[in-house]
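Student: Given next are the chains, with one letter for each unit.
There are 2 protein chains.
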Amino acid sequence: MSRLVNGVKSFSTAASSLLADASAAAARSVRQPSSFQVFRDVPELRQLRRKLIQNDRTMGFVPTMGALHEGHLSLIREAARENTDVFVSIYVNPTQFGVNEDLSSYPRTWDSDVEKLEKLNEELSSLGACTGQITAIFAPTSKVMYPTLPPSSEIDGHGSFVTITPLARKLEGVSRPVFFRGVTTICMKLFNVTTPDRVYFGQKDVQQTVIIKRMVKDFLIDTEVRIVPTTREADGLALSSRNVYLGARRRAVGLTLYQALSAAAEAYKAGKASRDDILGAARSVAERVLSEQQALSPSERALYEVDYISLADPESLEELDLVDFKKGAVLSTAFKMAPLEETNPGEDCGLGDGKVPVRLIDNMILQPQS
Amino acid sequence: MSRLVNGVKSFSTAASSLLADASAAAARSVRQPSSFQVFRDVPELRQLRRKLIQNDRTMGFVPTMGALHEGHLSLIREAARENTDVFVSIYVNPTQFGVNEDLSSYPRTWDSDVEKLEKLNEELSSLGACTGQITAIFAPTSKVMYPTLPPSSEIDGHGSFVTITPLARKLEGVSRPVFFRGVTTICMKLFNVTTPDRVYFGQKDVQQTVIIKRMVKDFLIDTEVRIVPTTREADGLALSSRNVYLGARRRAVGLTLYQALSAAAEAYKAGKASRDDILGAARSVAERVLSEQQALSPSERALYEVDYISLADPESLEELDLVDFKKGAVLSTAFKMAPLEETNPGEDCGLGDGKVPVRLIDNMILQPQS
Chain A
-18 MSRLVNGVKS FSTAASSLLA DASAAAARSV RQPSSFQVFR DVPELRQLRR KLIQNDRTMG
42 FVPTMGALHE GHLSLIREAA RENTDVFVSI YVNPTQFGVN EDLSSYPRTW DSDVEKLEKL
102 NEELSSLGAC TGQITAIFAP TSKVMYPTLP PSSEIDGHGS FVTITPLARK LEGVSRPVFF
162 RGVTTICMKL FNVTTPDRVY FGQKDVQQTV IIKRMVKDFL IDTEVRIVPT TREADGLALS
222 SRNVYLGARR RAVGLTLYQA LSAAAEAYKA GKASRDDILG AARSVAERVL SEQQALSPSE
282 RALYEVDYIS LADPESLEEL DLVDFKKGAV LSTAFKMAPL EETNPGEDCG LGDGKVPVRL
342 IDNMILQPQS
Chain B
-18 MSRLVNGVKS FSTAASSLLA DASAAAARSV RQPSSFQVFR DVPELRQLRR KLIQNDRTMG
42 FVPTMGALHE GHLSLIREAA RENTDVFVSI YVNPTQFGVN EDLSSYPRTW DSDVEKLEKL
102 NEELSSLGAC TGQITAIFAP TSKVMYPTLP PSSEIDGHGS FVTITPLARK LEGVSRPVFF
162 RGVTTICMKL FNVTTPDRVY FGQKDVQQTV IIKRMVKDFL IDTEVRIVPT TREADGLALS
222 SRNVYLGARR RAVGLTLYQA LSAAAEAYKA GKASRDDILG AARSVAERVL SEQQALSPSE
282 RALYEVDYIS LADPESLEEL DLVDFKKGAV LSTAFKMAPL EETNPGEDCG LGDGKVPVRL
342 IDNMILQPQS
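Quick note, the sequences are listed as chains A and B, same order.
Those letters in the first sequence? Residues -18 to 351, by this note's numbering.
Those letters in the second sequence? Residues -18 to 351, by this note's numbering.
I should point out that these hints are in silico values taken from the structure, not numbers from a laboratory.
Be careful, since some hints might not be right.
Stated by the list, open to error - So, partial list: chain A residues that the calculated Cβ filter (under 7 angstroms) puts toward chain B: (1) Asn36; (2) Pro128; (3) Val197; (4) Arg282.
To be verified - Dumping the calculated DSSO-like pairs for lysine-lysine here, alpha-carbon to alpha-carbon at most 30 angstroms: (5) B/Lys250 x B/Lys151; (6) A/Lys32 x B/Lys151; (7) A/Lys194 x B/Lys250.
Just so you know, even glycine gets a beta-carbon here, dropped at the ideal spot from N, CA and C.
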């Protein structure tokens, strides 16, 4: 295993340009990881999948954009618990990034991703027959995933797309109009390639979970969608590939998303049902922390903008004035963490030295209550 | 077999309303046809499909909107030649009809469709082991195919869609902006339900063949697209479900599409490569026939409008000024046959008494030549 990781390390630094694929390293490496196969193209993966079906094995699929963290691993663990085999895809999908969005700054970490998956397979194999294992990594090139036109990042650009509206226009879709078109398009392709018995998505991206469930239903896709609870740090911060850009100062302030949502969830649990009561609790946390930060000097503070705080129906994502206790609701929020204005010598400013703006999202499900 | 056909006949006349499905009759019928099963929903069909896969049988899929004619049968014969099993879907897809288009006037002919398929299976079984047979008819309800939102027929309406642009905007897409969105959306669903080894489409709808091939490629769908030559009457008229609306007078004049295309194809074969030379030959036929008709009295003539005559690249469908002899081209045309202005006692005016406007399309492939 370590030989593979070392073997690809020298190449991966060159793979950071916009066009190079995160996983291009895999193509150059002669060695395969010891416990799973890496596939760069479709036909061989289909062959393996066919063999699994013929042998009555079940397969759970976990699509990722790499930069794997404990959140992804929790999806894979759940997939291994429910299936004999797990396929993981690692592909940074260009069509879900807008023209001015952070495709180029999205972390590409092939070496450590493979290492984490190898370690996880060791952990899974130690559990014996009661759990499955990762069998295949699918790390395609963009030419494989977008074989004809270069994919458009313009909302009215040409291409072959799956669109799910109005769901894709709400919440995250307001500031990121092409995002969910990119997600549904790439997921349809990945599902067609892997034909999974079950697919696994994290609760963290709640709108994505709602849209994928809708896509599977509307397009009669023969798979089950499993949603796995958000993995959080001890203090509550939701894990995200983007957290590596935060650094210590913005990380501390970034916890405000969780605190604001917790305050709102508390209000709901205490019997509040109106939008003003529930979202008011969240907003007052967000506003208080921001004023505290603004009172600090530029070398001490971390500023942010609240993009939205939403209280919505769990299936349609329509904004609610009043929560129906029988149905519950989705509470969700997005903050834009601004770049640090001034940094201090020796300060942990995260990948990109605190200059990268970081958009954080989080959510909580308000469960039905009587 | 005849009992089934009779058994459903009494119901099918009531099924002509916009909302009733063409195949609703199948749901009421207790009997199954003798040589294939009719499926109204997905799970049982998937079970059959799984059994076929386990037994190493291959399946060819022929999607139709019913109103079967010899053209459809030629698709099924080809599918039976190449596969052990053939699935045929019969579903009049609402999303490929525009708001003001002819969904309500599209023929619904369940009884005779089933009869034709039964007869075809007899023919196929007489050929013995060298050909497959129709195993399943999939005749779903709209609730099965569109389980959440009622499908929109507005170009900017909401829903879950597959879009393939710019291909879908050209030729037929100009006058029918939602048409190919509807076709690709329903075909993606049908392919997900049936997971065919091969799918069969007629050359008659040339733009559809180009778009489906593109969809299968771009979405990495695990199937092969087969295109079957256009079936024509002895005089050259391309078979179409809509021909039943023509009646004798408009049918005779409708042959002009074929004659115009033939004149253009002759010019190409004679060595012409320029747009003006090739399309000029087609246009002069279309114009001559129209003037001849205009000179006749309203009770004798059939008028039409030429929607387009196109000379386009075989893959991108971009209009060509000059044909590259190495690549060839697609020659295609659409005519709108106007309703008859005056009819005569006892005249064969077709279904709808000559009052239904009929849009006819036809095409020829200009093969590469040296």
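Student: Hint by hint, say whether it matches the structure.
Tutor: Against the structure, the hints:
The restraint placing A/Asn36 at the interface with chain B is violated, with a minimum CB-CB distance near 11 angstroms, outside the 7 angstroms limit. About 6 angstroms separates the beta-carbon of A/Pro128 from the nearest beta-carbon of chain B, less than 7 angstroms, and the hint is met. Among the interface hints, the one on A/Val197 is violated; its C-beta lies about 9 angstroms from the nearest C-beta in chain B, farther than the 7 angstroms criterion. The interface hint given for A/Arg282 is broken, as the beta carbon of that residue sits about 42 angstroms from the closest beta carbon of chain B, more than 7 angstroms.
Distance hint between B/Lys250 and B/Lys151 is fulfilled; the C-alpha atoms sit about 26 angstroms from each other, no more than 30 angstroms. Using a Cα cut-off of 30 angstroms, the hinted pair A/Lys32 and B/Lys151 is violated, with the two alpha carbons roughly 42 angstroms apart. Taking the CA atoms of A/Lys194 and B/Lys250, the gap is about 53 angstroms. The hint is violated against a cut of 30 angstroms.
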